[in-house]
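Asks: Each chain, written out:
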Amino acid sequence: MFEYETLKIIWWLLVGVLLVGFAIMDGHDMGVGTLLPFVGRSDLERRVVINTVGPHWDGNQVWFITGGGAIFAAWPLVYATAFSGFYWAMLLVLWALFFRPVGFDYRSKIHNSTWRSVWDWGLFIGGAVPPLIFGVAFGNLLQGVPFQFDAYLVSTYTGSFWQLLNPFALLVGVVSSAMITLQGGSYLAHRTEGVIQTRAVKGAIGAAVVMMLAFVAAGVWLQSIDGYRISSVVNPSALPDPLSKTVVREAGAWMVNYGRQPLMWTLPALGLLGAAVAALLLAMRKTLTAFVASSLAVVGVIGTAGASMFPFVMPSSTMPSASLTVWDSVSSHMTLGIMFWATMLFMPLIVIYTSWAYSVMRGKVTKAYVQEHDHAAY
Amino acid sequence: MISEQLVDLSRLQFAATALYHFLFVPLTIGMVWLLVIMESVYVMTGNVVWKDMTRFWGKLFGINFALGVTTGITLEFQFGTNWAYYSHYVGDIFGAPLAIEGLMAFFLESTMIGLFFFGWDRLSKPQHLLVTVLMAVGTNLSALWILIANGWMQNPVGAEFSYLTMRMEMVDFWAVLFNPDAQAKFVHTVSAGYTTGAMFVMSISSWYLLKGRDIEFAKRSFRVAAAFGLASVLSVIVLGDESGYTVGEAQQTKLAAMEAMWETKPAPAGLTLLADINEAEQKNNWEVEVPWVMGLIGTRSVTREIPGIHDIKAKNRERIANGVVAVTALEALRANREDAAAKEVFEQHMDDLGFGLLLKKYVVDVRQATPEMIEKAVNDTVPRVTPMFWGFRIMVGLGFAMLALFGLAFYSTLRSNFMQKPWLLRSALWMLPAPWIACELGWFVAEYGRQPWTIYGVLPTHLSVSTLSVNSLYGSLAGFIGFYTVLLVVEMFLMVKFARMGPGSLGTGRYRSDSSPGLTPAHA
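Listed in order, the protein sequences are those of chains C and V.
Its first residue numbered 360, the first sequence is counted upward by one per residue in this note's numbering.
Its first residue numbered 77, the second sequence is counted upward by one per residue in this note's numbering.
These are calculated hints, taken from the structure and not from any lab test.
One or more of the hints may lead you astray.
As the list claims (entries may be wrong) - Coverage of chain C stretches by chain V, computed from C-beta distances (three or more under 8 Å per stretch; other residues unrestricted): (1) 438 to 450; (2) 459 to 467; (3) 487 to 499; (4) 688 to 694.
It should be emphasised that the depicted structure is a prediction, and the values quoted were computed from it without experimental measurement.
Heads up, the beta-carbon is just placed ideally off N, CA and C, and yes, glycines get one too.
My request is simple: use the sequences and hints to build the entire structure.
Replies: In structure tokens, the structure reads:
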């Protein structure tokens, strides 16, 4: 139905959509987790905070799981190379995520302040660590990752875990953490009232400021970082074979797309403007529109990273020709087609029933609500 | 070359995390339908005890579900982190069902579970029942897609190798979807889950009845579980036979190992009940055999033979020789994609490529393989017989024991005298671990029995791993064991605590309340 080349581009967009969906939906849960110990000072306040995401975190987490599955199906080489190369980083994400299901479900089942406090910090770790590591991972993708392929396409990562924690990558990690905190704070402000709302607004505005500063700093820094460019002729409809091209590393390569498509500047602009507008709206207590603005900032930031690197997904710093791009790290034509239709069929359904779930549970979560539902609430 | 230690540790980590995950999954799959049944009765009769049953068993379901979710993510990650070459080599086929599982099933299940717990006073009765039903449908569809992926590992249909992309590629999605192995596995696995759910509810209800507490609640729970359990365990056993049948077609090796069948026997082969297996000399010192049965189950005929291990190995020896030619031609093609001569040779021998790759465990250049290496590779093609033979027999034995228990329990519920039979209640209590042991053994027989392959006949386990350091594996394995031990302790603590409290934990005031010392459970 679609040309192979078209499907390759569609899947680049769809992976982007899934990442953005993950950052908006699971992101706001994680932001709430990050803010939990700070905006909730008493057990009751923390229960209010937790119950704003109580009915939804599980569904939202599936954005992450489906995102992983979609990368597996659409970009198997990226899935294989990135997950094994970033071994310890991925394990940290995974182990941090362990705290969430049990933290949410088990925390309030026992009346004991130590027990509850342990799970509160568990929920903090589960909320704060994954966005930080994903940011750091993106920071490394932008610089290139040390991996190579042999003739069998066995990938070998030659760096270390500590190497991932370089200054630029950590700065991108700050962008990501602040963005997710803003997202969680906006959501929390919308679903709570009184002192909890006030603290959530403060936290979110602070996060917005940090995010904007770090995002601009990372953008400036990027000018002096070597990007990657395919120097051989690209045949976008060819069978995927990452070793059949040549790639050069050069300064300013990540800015080339902006020169070709000046419209792309709207993405970083959206990232900055979205955060600024979200902060303003939060100050005015326009919480729902603030959440929308914050979500648009997420689109802008993730879009900026993806579009700057296009067509690269995971450049290799030690064997540039092994770099993974949207043209040569994809599944077969047939699989991309099947997965496209599966996504088109189910994604609207997911949006519909998720919206229904939110509308059933709409309204402020209050202390009275938690006390009244002591038996059923988290 | 990939170190054997790395492969062993990667396998150990996968086995440990998968077996651990599978402690929670069957209960989720089964209990969710019991919740549907209980809530349906509540909606139809309006009797509030049925609502309390749904909520109380739902609470235990939730404690279990939390760990199912936690440990499930590990498995999805692990294909990429620890089995990178596998992910590249078969991601084109294997990734699709995993992604569709997320889109079609897991989203539904996870969104509905939130409403199941939080929606009681925000949804009308039929709306809430709909939520519960959708949660059950999502859970079971999830199992379907996972088993389609797993079935393909056992019986890789609908795919072809491409030397240009150096991987397997999908050529027929419908063949992958309607893989007979996947369909049989799905029915067998979810039925085992239903049995687990029924045993869980029946055992705990029996305990209440033995203690003489919460009688009205426990009695109804027992009845539902006994009926559902009998239907489920019958389905497991009958459709386990169906699994045996497809194994006979796609994976004769697994069948031969499971049955300790060294020699090909004249059709129809007998079923070996017990045997003293002599692995070193590759024979059974003695065996107890029931004539005909194996042939009937395995081939559905009285004339077709089931090959024994020695014949399978002889055939594999030829396939390995062919495979060496295929690997050699493939390497020439990878060096020069235009090599027409190599291409022709490769295409003639590519069906045996996987068998040639088996030699990579012993030598980088397969042409240099010595006769000893080839002999080792031939022996590798059949998994060790003893664990397969006994694993399978214990699983089946437990299945029949559960059939007897559910049969008696159901009969007693019809006669309404199960409360006067403490021995029955006590047996039900003591049988609580049986479905878990059987489920774990079922996983073991299916997956260990596939060795030395990750994808049967296509990709050796040895080549499937990520190129990590052995130290990384020790570190991550230690981390998993540490986390999982703590989580299991916490989960068991809560599960036992709430099971002991019983429906009193709902705080409705209709049941016996518990005043246990120490950490006081909140009514949450």
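Asks: Using C-beta distances, would you say chain V covers the region 688 to 694 of chain C, given that this needs three or more residues below 8 Å?
Replies: holds (count 4)
Asks: Within the assertion that chain V covers the region 459 to 467 of chain C, do at least three residues meet a Cβ-to-Cβ distance smaller than 8 Å?
Replies: holds (count 7)
Asks: Checking C-beta pairs, does the region 438 to 450 of chain C have three or more residues closer than 8 Å to chain V?
Replies: holds (count 10)
Asks: Can you tell me if the region 487 to 499 of chain C counts as covered by chain V, using C-beta to C-beta distances under 8 Å and a minimum of three residues?
Replies: violated (count 0)
Violated hint: 3 only; the structure is consistent with all others.
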